[in-house]
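*Asks:* Got chain Z sorted already, so can you dock chains A, W and S onto it with the hints?
4 protein chains.
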Amino acid sequence: MKPTTLKTPLVLVNLKCYTESIGNGAHRIARAAREVSDESGITIALAPLYMDIHPIIHHYDIPVFAQHVDPVEPGAHTGRMPLPAIKSAGAIGSLVNHSEYRLSVADIEKNVTALRQAQMLSCVCSNNVATTKALAALGPDYVAIEPPELIGGKMSVSEANPEIITGSVDAVRNINSSVKVLTGAGIHSGTCVKTAVELGTEGVLLASSVVKAEDPAAILRDLVSLL
Amino acid sequence: MKPTTLKTPLVLVNLKCYTESIGNGAHRIARAAREVSDESGITIALAPLYMDIHPIIHHYDIPVFAQHVDPVEPGAHTGRMPLPAIKSAGAIGSLVNHSEYRLSVADIEKNVTALRQAQMLSCVCSNNVATTKALAALGPDYVAIEPPELIGGKMSVSEANPEIITGSVDAVRNINSSVKVLTGAGIHSGTCVKTAVELGTEGVLLASSVVKAEDPAAILRDLVSLL
Amino acid sequence: MKPTTLKTPLVLVNLKCYTESIGNGAHRIARAAREVSDESGITIALAPLYMDIHPIIHHYDIPVFAQHVDPVEPGAHTGRMPLPAIKSAGAIGSLVNHSEYRLSVADIEKNVTALRQAQMLSCVCSNNVATTKALAALGPDYVAIEPPELIGGKMSVSEANPEIITGSVDAVRNINSSVKVLTGAGIHSGTCVKTAVELGTEGVLLASSVVKAEDPAAILRDLVSLL
Amino acid sequence: MKPTTLKTPLVLVNLKCYTESIGNGAHRIARAAREVSDESGITIALAPLYMDIHPIIHHYDIPVFAQHVDPVEPGAHTGRMPLPAIKSAGAIGSLVNHSEYRLSVADIEKNVTALRQAQMLSCVCSNNVATTKALAALGPDYVAIEPPELIGGKMSVSEANPEIITGSVDAVRNINSSVKVLTGAGIHSGTCVKTAVELGTEGVLLASSVVKAEDPAAILRDLVSLL
Numbered sequence: 000m001k002p003t004t005l006k007t008p009l010v011l012v013n014l015k016c017y018t019e020s021i022g023n024g025a026h027r028i029a030r031a032a033r034e035v036s037d038e039s040g041i042t043i044a045l046a047p048l049y050m051d052i053h054p055i056i057h058h059y060d061i062p063v064f065a066q067h068v069d070p071v072e073p074g075a076h077t078g079r080m081p082l083p084a085i086k087s088a089g090a091i092g093s094l095v096n097h098s099e100y101r102l103s104v105a106d107i108e109k110n111v112t113a114l115r116q117a118q119m120l121s122c123v124c125s126n127n128v129a130t131t132k133a134l135a136a137l138g139p140d141y142v143a144i145e146p147p148e149l150i151g152g153k154m155s156v157s158e159a160n161p162e163i164i165t166g167s168v169d170a171v172r173n174i175n176s177s178v179k180v181l182t183g184a185g186i187h188s189g190t191c192v193k194t195a196v197e198l199g200t201e202g203v204l205l206a207s208s209v210v211k212a213e214d215p216a217a218i219l220r221d222l223v224s225l226l
Numbered sequence: 000m001k002p003t004t005l006k007t008p009l010v011l012v013n014l015k016c017y018t019e020s021i022g023n024g025a026h027r028i029a030r031a032a033r034e035v036s037d038e039s040g041i042t043i044a045l046a047p048l049y050m051d052i053h054p055i056i057h058h059y060d061i062p063v064f065a066q067h068v069d070p071v072e073p074g075a076h077t078g079r080m081p082l083p084a085i086k087s088a089g090a091i092g093s094l095v096n097h098s099e100y101r102l103s104v105a106d107i108e109k110n111v112t113a114l115r116q117a118q119m120l121s122c123v124c125s126n127n128v129a130t131t132k133a134l135a136a137l138g139p140d141y142v143a144i145e146p147p148e149l150i151g152g153k154m155s156v157s158e159a160n161p162e163i164i165t166g167s168v169d170a171v172r173n174i175n176s177s178v179k180v181l182t183g184a185g186i187h188s189g190t191c192v193k194t195a196v197e198l199g200t201e202g203v204l205l206a207s208s209v210v211k212a213e214d215p216a217a218i219l220r221d222l223v224s225l226l
Numbered sequence: 000m001k002p003t004t005l006k007t008p009l010v011l012v013n014l015k016c017y018t019e020s021i022g023n024g025a026h027r028i029a030r031a032a033r034e035v036s037d038e039s040g041i042t043i044a045l046a047p048l049y050m051d052i053h054p055i056i057h058h059y060d061i062p063v064f065a066q067h068v069d070p071v072e073p074g075a076h077t078g079r080m081p082l083p084a085i086k087s088a089g090a091i092g093s094l095v096n097h098s099e100y101r102l103s104v105a106d107i108e109k110n111v112t113a114l115r116q117a118q119m120l121s122c123v124c125s126n127n128v129a130t131t132k133a134l135a136a137l138g139p140d141y142v143a144i145e146p147p148e149l150i151g152g153k154m155s156v157s158e159a160n161p162e163i164i165t166g167s168v169d170a171v172r173n174i175n176s177s178v179k180v181l182t183g184a185g186i187h188s189g190t191c192v193k194t195a196v197e198l199g200t201e202g203v204l205l206a207s208s209v210v211k212a213e214d215p216a217a218i219l220r221d222l223v224s225l226l
Numbered sequence: 000m001k002p003t004t005l006k007t008p009l010v011l012v013n014l015k016c017y018t019e020s021i022g023n024g025a026h027r028i029a030r031a032a033r034e035v036s037d038e039s040g041i042t043i044a045l046a047p048l049y050m051d052i053h054p055i056i057h058h059y060d061i062p063v064f065a066q067h068v069d070p071v072e073p074g075a076h077t078g079r080m081p082l083p084a085i086k087s088a089g090a091i092g093s094l095v096n097h098s099e100y101r102l103s104v105a106d107i108e109k110n111v112t113a114l115r116q117a118q119m120l121s122c123v124c125s126n127n128v129a130t131t132k133a134l135a136a137l138g139p140d141y142v143a144i145e146p147p148e149l150i151g152g153k154m155s156v157s158e159a160n161p162e163i164i165t166g167s168v169d170a171v172r173n174i175n176s177s178v179k180v181l182t183g184a185g186i187h188s189g190t191c192v193k194t195a196v197e198l199g200t201e202g203v204l205l206a207s208s209v210v211k212a213e214d215p216a217a218i219l220r221d222l223v224s225l226l
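One line per chain: the protein sequences are Z, A, W and S, in this order. For the first sequence, counting from 1, position 210 maps to 209 in numbering that gives the first Met the number 0; every step adds exactly one. For the second sequence, counting from 1, position 201 maps to 200 in numbering that gives the first Met the number 0; every step adds exactly one. For the third sequence, counting from 1, position 104 maps to 103 in numbering that gives the first Met the number 0; every step adds exactly one. For the fourth sequence, counting from 1, position 189 maps to 188 in numbering that gives the first Met the number 0; every step adds exactly one.
Read the hints as simulated data drawn from the structure, not as lab findings. Do not rely on the hints blindly, as some may be mistaken.
[What the hints assert, rightly or not] Just a few of them, taken from the derived set where beta-carbon distance is under 10 Å, the chain S residues facing chain Z:
hint: 1; residue: 103
hint: 2; residue: 105
hint: 3; residue: 111
[As the list claims (entries may be wrong)] Computed from the model, here is a short list of chain S residues facing chain Z with C-beta under 7 Å:
hint: 4; residue: 101
hint: 5; residue: 108
hint: 6; residue: 126
hint: 7; residue: 129
hint: 8; residue: 136
[Claimed, not checked] Every beta carbon over 10 Å from chain S, so not counted as near; a handful from chain Z, in silico:
hint: 9; residue: 22
hint: 10; residue: 154
hint: 11; residue: 196
hint: 12; residue: 213
hint: 13; residue: 225
hint: 14; residue: 226
For glycine and all other residues, C-beta sits at the position ideal for the given N, C-alpha and C.
Chain Z extracted, bound-state conformation:
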């Protein structure tokens, strides 16, 4: 079995748990992602709530990440989500250590290793150059840099603080050049995405600008327009 890979550049949309991304809302965004992906040829992946992993893959044939996976073996755990459960639902990977769900280094390492062994993708979130470097040393598929102060805001990291991106890209190159970097936090337009790619990253991780949009397809179309 050969490992999963996704074509670069990647637009990865974290649906979080907004009112707009629960239940039927997730389908609305998945339809938009399918449509814009077909038009543009750009890979758009989604990270929905656990119950929407399978329906989205099944109905829209979109690459799906879990938002989180618990670093536990299957067993007597209540309310936890072990890797085989997200894999069985059809996820091709998982976000790990999002700023809204921080993990210990030991647990991140466990997740990255387990995802690799399961031929799944890991996208580990970092918050600055130093933590990007540390996390790249664990050898995940992606590190997504999301300075917490910019998450959900109107200012993208590529505008507000391009040095954090270039610094991270350099640091990752020195530590483990097979790790891909994504730009996160505040991404809301085609220009942001273009800048992110020009700064050396292989795509973007974003959330609210797509999820809370009245017309998600219009926003996605704009995001990929300059690639």
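*Replies:* Showing chains A, W and S alone in chain Z's frame:
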């Protein structure tokens, strides 16, 4: 809209995340629950992984609880599960504060109140008489007593420590007589269930004895046989 | 050995870890507490950082609570604080479940029971009437009601929301009349303290208004002035 | 002000919170550390409970680490321990991310940076080669490798799994050669310490074998005997 209620006695099976309860395994148990429920007329409810909430309701018409719900409003939370998401999937209630997912009192109260407002059932887990009393004061639909040392074992709480059950039933009666008590931990036979009911509780919360059974229907049939 | 008790009304100052309460700052507040306690005859207790428990008792002979205690037995725990360590330092009790350090119900119960067995006082913090009721069921010495939205503010709970106080006092009386209630959050003047006592509570739990005061003795003198 | 440094090799004893290391017990161990340090010229540092930081420095003039420090600014935090509080007590550094007190990568980075800015030493604990590499990328003064399965046991990591030590030493050298490596877990004799140094580390982090010894000075004397 009138509040959800379940007929007493109740057999509530927490599927946790055993290898046997992931993906197809959940369906195997749901089929057994449907079958034994039909034969016996006893209510058998399941608490599966999040992704199995909707399929189980849809295919087997079984009352389903979430294993956990996060005490957050929908919004910018990654990897969390707000109440509207489990409700939208079809859950009629949620376990709260399982010994494998402890919450603060403030968060338990938030969950119990939110579930009540959403016309859903709350089943709060306690570990001894004192905590049963405290949790009953929050007015949930059910308190399930699970002494942690007996969880997953061969000895049921009704055999090992009937005083914890009768003490809890008395305490709950004094605090808030509308709260129903379930007996948890170590339940594995019809005799355990019968004793649990005779001690004054309105059913059982159990997990491994059903989930890990080669023939879940046979076990469920035994569990309800003396009711 | 007879159990520790403190004279009512009680003024309990949580020093938290403000710049003003670290190191020498703690002594400045302890001196003020000693002075005003001597003048007024009112019991003023302090909850300082762990390293200041013993120096404050030793130098100022003031009743001292820990801000937190970990519900663990002495043993292989790093960075944790078991009960025998705060007792050995001279604390007569501990805050439990402060809104800035929430615990599970099982852990609160463990702490309350362990403090009682060690002849020490427990002061459990709650956030509304429902949680006050639940926590009173555990039989601590004190429940301190601190609606989180008022903590650190200029508006005291006795002005902003007297019903939460009277409701809590009534609820506690019904559940366990030996539990004493303290009023917390936003207490900053003699009037607040007087109102708190008139509403049926046996004192106050406060922090920033004393800790951040230029002249802590002046504030403490005002706080006890109408008792 | 020039940064704190400690002479190599270093024997760092984590007192944890054993019955034997609470209160007077801490003094018993400090006396032994003073005595053996004087005899041998080897640096022996201690990581006691917070309340023993100042007394141990004051009475025994021993370099003291905190067992943990909270990655928060001084302020409205109850039961937390910000850096200025341990510094004011006299600690020259802190353990960070011990396996018994795991932190997120973001918080470890915050602690390492804050300790460096305060001219204090950071000793970050890792659990395998991959996490050692990741943590070395944050540039702490020390990384202490403690495979969790060996902590508190009779088998030292240098006997059980020397590859984890040599692998970590190599990895650290490639990432950041100014980071010093300590060997942890299961260290109990002079041979263990000698092997640890021969494998390229600059000392040991240990706990139970000293703390629970009837005669801590005898054990410490043995530990440094082959250096």
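*Asks:* Each hint: holds or not?
*Replies:* Status of each hint after checking the structure:
For residue 103 of chain S, the suggested interface contact is upheld, since its CB lies about 4 Å from the closest CB of chain Z, less than 10 Å. This hint holds: residue 105 of chain S has a C-beta 5 Å from the nearest C-beta of chain Z, less than the 10 Å allowed. The criterion of a C-beta within 10 Å of any C-beta in chain Z is met by residue 111 of chain S, whose closest approach is roughly 8 Å, and the hint holds. Contact between residue 101 of chain S and chain Z, as hinted, is supported at the beta carbon level, the nearest pair being about 4 Å apart and thus within 7 Å.
Evaluation of the residue 108 of chain S hint against chain Z yields a held restraint, the C-beta minimum of about 5 Å falling below 7 Å. Because the closest C-beta pair between residue 126 of chain S and chain Z is about 5 Å apart, less than 7 Å, the hint holds. The beta carbon of residue 129 of chain S is positioned within 7 Å of a beta carbon in chain Z (closest approach about 5 Å), and the interface hint is therefore held. The criterion of a C-beta within 7 Å of any C-beta in chain Z is met by residue 136 of chain S, whose closest approach is roughly 4 Å, and the hint holds.
Residue-level check passed: residue 22 of chain Z sits 31 Å from the nearest beta carbon of chain S, beyond 10 Å. Listed as outside the interface, residue 154 of chain Z is consistent with that label: its C-beta sits roughly 20 Å from the nearest C-beta of chain S, beyond the 10 Å cut-off. The claim that residue 196 of chain Z lies off the interface holds: its Cβ sits roughly 25 Å from the closest Cβ of chain S, which is beyond the 10 Å cut-off. Distance check for residue 213 of chain Z against chain S: the nearest CB is about 34 Å away, which clears 10 Å, and the non-interface claim stands.
The non-interface label for residue 225 of chain Z is consistent with chain S: the shortest C-beta to C-beta separation is roughly 32 Å, beyond 10 Å. Non-interface status of residue 226 of chain Z relative to chain S is upheld: no Cβ of that chain comes within 10 Å, the nearest being about 30 Å off.
Hint violations for this structure: none, all hints satisfied.
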